[in-house]
Amino acid sequence: MSSSERGKRQKQRKVLLMGRSGAGKSSMRSIIFSNYVAKDVRRLGATVDVEHSNIKFMGNLMLNLWDCGGQDAFVESYLTNQRSHVFTSVAVLIFVFDISSSEPAADLLSFASTIRALHEFSPNSKVFVLFHKMDLIPSVEQKTTVFRDRAAEVRNTCEAEGFVPGQVDFSATSIWDQSLYRAWTQVIYFLVPNAATIEAMLQKLADILDAKELFLYERTTCLIVTHVSRGPENPYPDRFERLSSILKSHKHSMAKHTGVMASEVSFAEMQIKTGAFMFFITRLTENTNIAVVMPSNEGAFNVARINVQLARKEFAHLDIVEKKGKEVQRVPKEDLEALSD
Amino acid sequence: APNPLPPMRRKANPRFVFMGMRRCGKSSVQKVVVQKLPPADSLYLEPTYKVEHATMHGSFLHFESAEIPTQLPVLSPSYDHASIFSNIGAVIWIIDSQDEYFSSISELLRTAVFLAKNYPSINLDVFIHKTDGLSEEYKYDTFREVRQRVQDELSDVGYGHRSISYYQTSIFDHSIFEAMSKVVQKLLPQLPSLETLLTKLCATCRIQKAYLFDTVSKIYIATDASPTLLKDYEVCSDYVDVIVDIKQLYGWQEQVGAPSTSPPQQQEQQEEDEQRQNSSDAGLIGESIVTYDKTGDGYMFAREVNDSLSLICIMGKGSSVEKRVLIDYNVDVFVDAVVKIFQV
Ligand SMILES: Nc1nc2c(ncn2[C@@H]2O[C@H](COP(=O)(O)OP(=O)(O)OP(=O)(O)O)[C@@H](O)[C@H]2O)c(=O)[nH]1
Ligand SMILES: Nc1nc2c(ncn2[C@@H]2O[C@H](COP(=O)(O)OP(=O)(O)O)[C@@H](O)[C@H]2O)c(=O)[nH]1
Ligand SMILES: [Mg+2]
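So the sequence lines, in the order shown, correspond to chains G and Y. The working numbering numbers the first residue of the first sequence as 1 and each following residue consecutively. The working numbering numbers the first residue of the second sequence as 1001 and each following residue consecutively.
These aren't lab readings, by the way, just hints derived from the structure by calculation. Predicted model only: the values in this text are computed from it and were never measured. A few of these clues could be false.
[What the hints assert, rightly or not] Computed from the model, here is a short list of chain Y residues facing chain G with C-beta under 7 Å:
| hint | residue |
| --- | --- |
| 1 | 1068 |
| 2 | 1243 |
| 3 | 1244 |
| 4 | 1252 |
| 5 | 1291 |
[Claimed, not checked] DSSO-like mimics (lysine-lysine), calculated; alpha carbons at most 27 Å apart, straight line:
| hint | chain 1 | residue 1 | chain 2 | residue 2 |
| --- | --- | --- | --- | --- |
| 6 | Y | 1182 | G | 256 |
| 7 | Y | 1036 | Y | 1186 |
| 8 | G | 204 | G | 56 |
| 9 | Y | 1323 | G | 273 |
| 10 | G | 251 | G | 313 |
| 11 | G | 143 | Y | 1036 |
| 12 | Y | 1031 | Y | 1231 |
| 13 | G | 273 | Y | 1231 |
| 14 | G | 256 | Y | 1139 |
| 15 | G | 256 | Y | 1231 |
| 16 | Y | 1036 | G | 273 |
| 17 | G | 273 | Y | 1340 |
| 18 | Y | 1317 | G | 251 |
| 19 | Y | 1317 | Y | 1340 |
| 20 | Y | 1031 | Y | 1050 |
| 21 | Y | 1182 | Y | 1139 |
| 22 | G | 313 | G | 56 |
| 23 | Y | 1036 | G | 256 |
| 24 | Y | 1231 | G | 39 |
| 25 | G | 256 | Y | 1317 |
| 26 | G | 273 | Y | 1317 |
| 27 | G | 251 | Y | 1036 |
| 28 | G | 126 | G | 56 |
| 29 | G | 251 | Y | 1231 |
| 30 | Y | 1036 | Y | 1117 |
| 31 | G | 204 | G | 273 |
| 32 | Y | 1200 | Y | 1031 |
| 33 | G | 251 | Y | 1323 |
| 34 | G | 39 | Y | 1117 |
| 35 | G | 273 | Y | 1031 |
| 36 | G | 39 | Y | 1031 |
| 37 | Y | 1036 | G | 39 |
| 38 | G | 204 | G | 313 |
| 39 | Y | 1200 | Y | 1231 |
| 40 | Y | 1317 | G | 143 |
Beta carbons: idealized from backbone N, C-alpha and C, even for Gly.
Turn these sequences into a full structure, and let the hints guide you.
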């Protein structure tokens, strides 16, 4: 193995996306990473073997996503002859359950054998369990009970296989609303290696700008990497997944209007000014945009825009420090486009 | 019985009824357009057996609409049809284009003749509906066939002069809102002056396309005289969403008596929030701009006329940031003129 390859491997964070066939894995991957919209996913076929995608986030986070086709024959092979190949050096397993599945018992069995293999090769990995297609359950009460019951069941299985409670997280998701972004934002936040450093820098910037909130998001996925807030608490705790979803839709909308691919669309700046607050979004680093929310004051707003431009250098510096001594591995753009036409 | 409204409001507020055969999509359209039901939820709608009224809250236009269940014999002489038709501006007839539509056409003809005889001032608009998932060719053929048959048969019975407008619609895309916009515009006496103002604004500021939106309903009440494309409407309508959504997330104000820390999920709560947010806007009229990468050209521009009316523009080439002063000045002039027209 050449040194650059080793460098690459160290920076990459391996994420397994697993679950039985038809659970919705490729659907969510295509929406988050390949600019699909929810109604496009009907065009997807069953995944054959494993499909890889790479995506670079802030600093040294390179996500290496393995979308593992869930048909029984493939799963059988992951668990046997490919066992160590698949389950070695896993940072995160995202396991997707179809909440409307007609074979819940078989789903749970498949989950149990998957995490057994995971525990064997990557005992310190984190597991995110997604109960998916929640849109198919009509009432809020039913959603709550179903989620609670299924989570209890899966939690028991995890403990039986040797995972401690803090290692496993549960989310209810659907491609039809922002719950998908909520779940994936949690995954990203868990994976960002230098979150504390970035947060400290953002905090400093927020103080200088006297901003109410700053958040940083990756441009392709619109997933929010991290945020800092100042002042009174915002009454919308779900605002970040909502913002991801709003920004992603806006991107699709601009793409449709201008006739270019969604991955090519990016604005230089978006501003919103009202009597209650002022807001702008602009580029911060190679892969991320920053959004600034501040009190309504035209002068302060203009100063803030300049200060963010100046801060770019510092954040770029953060990227470079991370890369020092290692060869920078670029993700070919085609990787993200491969699925989108 | 429908609430009788004081005469002033009746004149100013567009009122219409939805009619059509069973399962053609009347409830879905009314709920999606007027009550903001997510389109996918229309799958769970129950059949309607009595006249259902709907009012748009917080909107500039205060639309009022009603759904007439198919089995209600509203055209029969014994029925008190005045209770349905006496104050409305338009009848919207919905035809399910994915279903057999000949019976719908004959009912539509009966209704058209009835209206021509009894309520000649009411507009008749036909939605050729559920066009999602149909091929362009099929859509176009169906559209032509329906229009041709209705016009031919109306001529045969001596009502060929009556003008009916036709639209292709689906609740799963923007087409339903574009069609509703055109239905509503025909009921607005202010339309010609608004169009003139918008056309002038576009010419002076190199704006490619400008819409005056009813912010809450996302129905546009006027646009400039240049050709109207669905894709321009779409991008502007989506942009309204972006602004409204972000305003909701950050436009809240600290309240005396502690803000609720749980996410407001109930509709009522959301309305309350909107009001709270609107009242705080007094100081500055909201505006928003999106600029392109590289060129620095403006892409989209939005400016609130008041709490419920917004100007949304797609900028043309060369509408760069340096021209902002010119744009701001002319938009101010425009906004003043609109305010005068409506005396808002
Ligand atoms: N109702 C609903 N359907 C969904 C959702 N997500 C995915 N689907 C549907 O589920 C089906 C299967 O989706 P895929 O993403 O191909 O499933 P997969 O897990 O990748 O399957 P394999 O590749 O065979 O393992 C598709 O028809 C999707 O339209 C959801 O949130 N709600
Ligand atoms: N594909 C499609 N289905 C629609 C559309 N509008 C309504 N529907 C469906 O048509 C069915 C009947 O709708 P409903 O509004 O109850 O019809 P009503 O009896 O005329 O009130 C529902 O299942 C809707 O989901 C549309 O634009 N496209
Ligand atoms: Mg798949």
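Tested hints:
no.: 1; hint: 1068; in the structure: 27 Å, violated
no.: 2; hint: 1243; in the structure: 6 Å, holds
no.: 3; hint: 1244; in the structure: 10 Å, violated
no.: 4; hint: 1252; in the structure: 6 Å, holds
no.: 5; hint: 1291; in the structure: 5 Å, holds
no.: 6; hint: Y:1182 x G:256; in the structure: 23 Å, holds
no.: 7; hint: Y:1036 x Y:1186; in the structure: 22 Å, holds
no.: 8; hint: G:204 x G:56; in the structure: 25 Å, holds
no.: 9; hint: Y:1323 x G:273; in the structure: 19 Å, holds
no.: 10; hint: G:251 x G:313; in the structure: 26 Å, holds
no.: 11; hint: G:143 x Y:1036; in the structure: 22 Å, holds
no.: 12; hint: Y:1031 x Y:1231; in the structure: 24 Å, holds
no.: 13; hint: G:273 x Y:1231; in the structure: 26 Å, holds
no.: 14; hint: G:256 x Y:1139; in the structure: 21 Å, holds
no.: 15; hint: G:256 x Y:1231; in the structure: 8 Å, holds
no.: 16; hint: Y:1036 x G:273; in the structure: 26 Å, holds
no.: 17; hint: G:273 x Y:1340; in the structure: 24 Å, holds
no.: 18; hint: Y:1317 x G:251; in the structure: 20 Å, holds
no.: 19; hint: Y:1317 x Y:1340; in the structure: 31 Å, violated
no.: 20; hint: Y:1031 x Y:1050; in the structure: 15 Å, holds
no.: 21; hint: Y:1182 x Y:1139; in the structure: 20 Å, holds
no.: 22; hint: G:313 x G:56; in the structure: 19 Å, holds
no.: 23; hint: Y:1036 x G:256; in the structure: 23 Å, holds
no.: 24; hint: Y:1231 x G:39; in the structure: 18 Å, holds
no.: 25; hint: G:256 x Y:1317; in the structure: 18 Å, holds
no.: 26; hint: G:273 x Y:1317; in the structure: 24 Å, holds
no.: 27; hint: G:251 x Y:1036; in the structure: 23 Å, holds
no.: 28; hint: G:126 x G:56; in the structure: 20 Å, holds
no.: 29; hint: G:251 x Y:1231; in the structure: 14 Å, holds
no.: 30; hint: Y:1036 x Y:1117; in the structure: 35 Å, violated
no.: 31; hint: G:204 x G:273; in the structure: 23 Å, holds
no.: 32; hint: Y:1200 x Y:1031; in the structure: 36 Å, violated
no.: 33; hint: G:251 x Y:1323; in the structure: 25 Å, holds
no.: 34; hint: G:39 x Y:1117; in the structure: 45 Å, violated
no.: 35; hint: G:273 x Y:1031; in the structure: 31 Å, violated
no.: 36; hint: G:39 x Y:1031; in the structure: 21 Å, holds
no.: 37; hint: Y:1036 x G:39; in the structure: 20 Å, holds
no.: 38; hint: G:204 x G:313; in the structure: 14 Å, holds
no.: 39; hint: Y:1200 x Y:1231; in the structure: 22 Å, holds
no.: 40; hint: Y:1317 x G:143; in the structure: 49 Å, violated
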